[in-house]
Amino acid sequence: MSEKQPNIHFRLEPRSGIAPYRQLVDQVRQAIEFGRLRSGDQLPSVREVVTQVTINPNTVHRAYRELEHLGLAEGRLGLGTFITQNPDAHTTAVGYAELSRQLQLWAHRARAAGLVDDDMLELLRRILNHDQRVIS
Numbered sequence: 001m002s003e004k005q006p007n008i009h010f011r012l013e014p015r016s017g018i019a020p021y022r023q024l025v026d027q028v029r030q031a032i033e034f035g036r037l038r039s040g041d042q043l044p045s046v047r048e049v050v051t052q053v054t055i056n057p058n059t060v061h062r063a064y065r066e067l068e069h070l071g072l073a074e075g076r077l078g079l080g081t082f083i084t085q086n087p088d089a090h091t092t093a094v095g096y097a098e099l100s101r102q103l104q105l106w107a108h109r110a111r112a113a114g115l116v117d118d119d120m121l122e123l124l125r126r127i128l129n130h131d132q133r134v135i136s
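Straight run, no breaks: the sequence shown in the numbering used here ends on number 136.
Derived by calculation from the structure, the hints in this document are not laboratory data.
Fair warning: this is a prediction, and the values are worked out from it, not measured in the lab.
If a hint is listed, it holds; no wrong ones were tucked in.
Derived Cβ-Cβ restraints for the label pairs, each shown as a range:
| id | residue 1 | residue 2 | range |
| --- | --- | --- | --- |
| 1 | Gly-40 | Ala-19 | 23 to 31 Å |
| 2 | Arg-11 | Ala-112 | 27 to 35 Å |
| 3 | Leu-79 | Ala-107 | 40 to 48 Å |
| 4 | Gly-40 | Ala-112 | 40 to 48 Å |
| 5 | Ala-19 | Thr-51 | 15 to 23 Å |
| 6 | Arg-126 | Gln-52 | 35 to 43 Å |
Glycine included, every Cβ here is placed at the ideal spot set by N, Cα and C.
Kindly produce the complete structure, drawing on both the sequences and the hints.
Below is the structure:
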């Protein structure tokens, strides 16, 4: 295991309606899925996160406990919190990387066809809404 300090910078959106601890959990999960955090990487200390985003330490502890509960991280007494080996997360990361690549190609083709960002977002919204209706 690498046990190196990863380059993760937490940010909180106070008006998002999402609990701060959940925002932290989601950011770690996304970093794992996109390969920015790997097995053995150390998460910032509670104190570092508190300083970084001006948050109550109990909120960070809650987020880290949730990550442990999800099997994404493990606390090591006196050492910190580390990303665990999680084959499902690795598989998901590969899937996200491939989807990201495909979306980038799609966006490039859409721009070449004359669509602007707002047009692409509207098209994507329609597709997502259609998928939800088909699945329901």
